[in-house]
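Spelled out from the first residue to the last, the chains are:
Protein chains: 2
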Amino acid sequence: MSDLKNKILSAINKDLVEIELALKNNLKASLDLTSQVAGHILFSGGKRFRPLLMILSARICGYKGNMDKTYSTIFEYLHAATLLHDDIIDGATLRRGKPVAHSIWGNSIAVLAGDFLLGRSLSISTETELPKVIKIITKITEEMSQGEIHQLTRIGDLDLTEEEYMEIIRRKTAVLMQGACWTGALIATASEKEEKALSEYGFNLGIAFQMTDDLLDYTSDTSILGKEIGADLKEGKLTLPVIYSLKEASSEDKTIMEKIITDKNFSFNDFKILIKLLEKYGGIEYTKKLASEHIEKAKKSILFFEPSETKELLLNMADYALIRKA
Amino acid sequence: MSDLKNKILSAINKDLVEIELALKNNLKASLDLTSQVAGHILFSGGKRFRPLLMILSARICGYKGNMDKTYSTIFEYLHAATLLHDDIIDGATLRRGKPVAHSIWGNSIAVLAGDFLLGRSLSISTETELPKVIKIITKITEEMSQGEIHQLTRIGDLDLTEEEYMEIIRRKTAVLMQGACWTGALIATASEKEEKALSEYGFNLGIAFQMTDDLLDYTSDTSILGKEIGADLKEGKLTLPVIYSLKEASSEDKTIMEKIITDKNFSFNDFKILIKLLEKYGGIEYTKKLASEHIEKAKKSILFFEPSETKELLLNMADYALIRKA
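Same order as they appear, the protein sequences are chains A and B.
For the record, in the first sequence the residue sitting at position 69 is 946 according to this note's numbering, with numbers rising by one throughout.
For the record, in the second sequence the residue sitting at position 135 is 1012 according to this note's numbering, with numbers rising by one throughout.
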């Protein structure tokens, strides 16, 4: 484990414990099976990145209430809801090293448990009694499904552009992290400047977070990632490392890459050849650079806050989003 | 077509045209494929029962604004979202005589289009700027998924009780119609008495509506219903006509019924035998009686409103919910 990860974890330990409790408590009134399926996805080693973002954003804006843990579940429930549905869509078998929910309870229960978590998430947002928060959350649910549909309609499409890729990751990842930070500011009745800063912080962090995710599919290994590497490609999902390299490649190498990409049963050796080409044409490097630029933007937008442990943590979390290995 | 249906249709013709327009307009900003899939389920001959309930409830409380058609889409989108997901869950092939969305676009797109409609519906609810309305809608989304999960966990269970059945149909059908009528009252800033009356009207109408639906599965025929009769039973869904008859049957007849019910491939002849037994033990009659009682309750709760064409229509719609053939 990296030093940075250790440093962050020890600083947020108390928050994490309280988030776990809130995640459990806010499911209590539901049916047994619902809790069970929701619990399977919720308590399987998630990083709680989104609830933490909300809580720290509220804290840096001086939030003094005791509802932040409850409100933070909005973002983990929403995230878990999309994971439940995404795993069905992607035909995934593993998530964080464990069998996915639909492989245990079937697609129907997984769809409905996702719907429930979506509903639960939105219900909790209404408890804030803040119209702006509620609007942000409902907008996120729309955006995320649109992002997924967009991605799905471009499955296997070798002509996917960088612009489209950016639009897809904006919708499927960035708006949720943006919403988490923004909501944190709103429940703290922050100034407009603070609100805007945290919203930008979350957005850019989200973009970089997804880019790093997409990189890990080529640079990590299965045991650390908790799922197969190369999975995106197997599902026909073209991400930035590939998109960029395809654009830069010689026509000869482009043909080789396209052959591997369109072959649903590419071998491990094929995959290694592809990675070599992604390195050769700078797709890995370019994605790293872009992710890094977004992290710099994220950090820059909150620099004006007074020095504090919370500010330090938000800056550290931005760095961590970039260097994480899983 | 019955006289009552004709009478209702001619009175609401203008509203129906405006609802169709609102349903189209509020999808405009979405991706092509989303509109296409949403359009497939939305514009396939739905009765617009739920938006109409909202509009008429607002009108009887003196609503004078011009947002009722827009707000009414909340209830049709929410309804369509659950239909998209339900059809996947039930493995249905036909809906209103047309192939279901997932058989055309696949499960993934159908799941996501459902998620999108859910999100759209909730986004529109925030436009009312009425916290109570927003809470009602988010609560409905939770309740509906819980109702479906409850039903799913009892699939094929011969011990399902009448109480459980009532709880399931409350969640999966009644709360949405209740919410539509309640919202109508709220956007009209109705008195508390009116609000409560319309909420009760919608709730009881919803219960009766679902009971009638469940009856039609035994008493209608495929060409009128737009889907196979006996479909509930084939899916292992026990509804009131069966639950009641199983309780009343002699042990000999009970055995016959159970054999048919648990046989996933029961013949048309078996099905006819079952219907005879449902008639013999009063399951059909009992369900009709209970549905009729709920309709009487629904009508009674709005009797105090001044006589008007709108009141007449709400009373007629309640009667229609009971006698409809599809």
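Read the hints as simulated data drawn from the structure, not as lab findings.
Computed from a prediction, not measured in an experiment: that's the story for all the values here.
Take these hints with a grain of salt, some might be off.
Since copy identity is lost for identical chains, a pair holds within one copy or between any two.
[To be verified] For lysine-lysine, the following DSBU-like pairs were computed, each having C-alpha atoms within a straight-line distance of at most 35 Å:
#: 1; residue 1: K905; residue 2: K1070
#: 2; residue 1: K1136; residue 2: K1124
#: 3; residue 1: K1174; residue 2: K905
#: 4; residue 1: K1070; residue 2: K1114
#: 5; residue 1: K924; residue 2: K1149
#: 6; residue 1: K1073; residue 2: K1177
#: 7; residue 1: K1114; residue 2: K901
#: 8; residue 1: K975; residue 2: K941
#: 9; residue 1: K891; residue 2: K1114
#: 10; residue 1: K905; residue 2: K1114
#: 11; residue 1: K905; residue 2: K1111
#: 12; residue 1: K1188; residue 2: K1149
#: 13; residue 1: K924; residue 2: K1073
query: What hints, given by number in increasing order, does this structure fail?
result: When the structure is compared with the hints, numbers 4, 8, 9 and 12 turn out to be violated.
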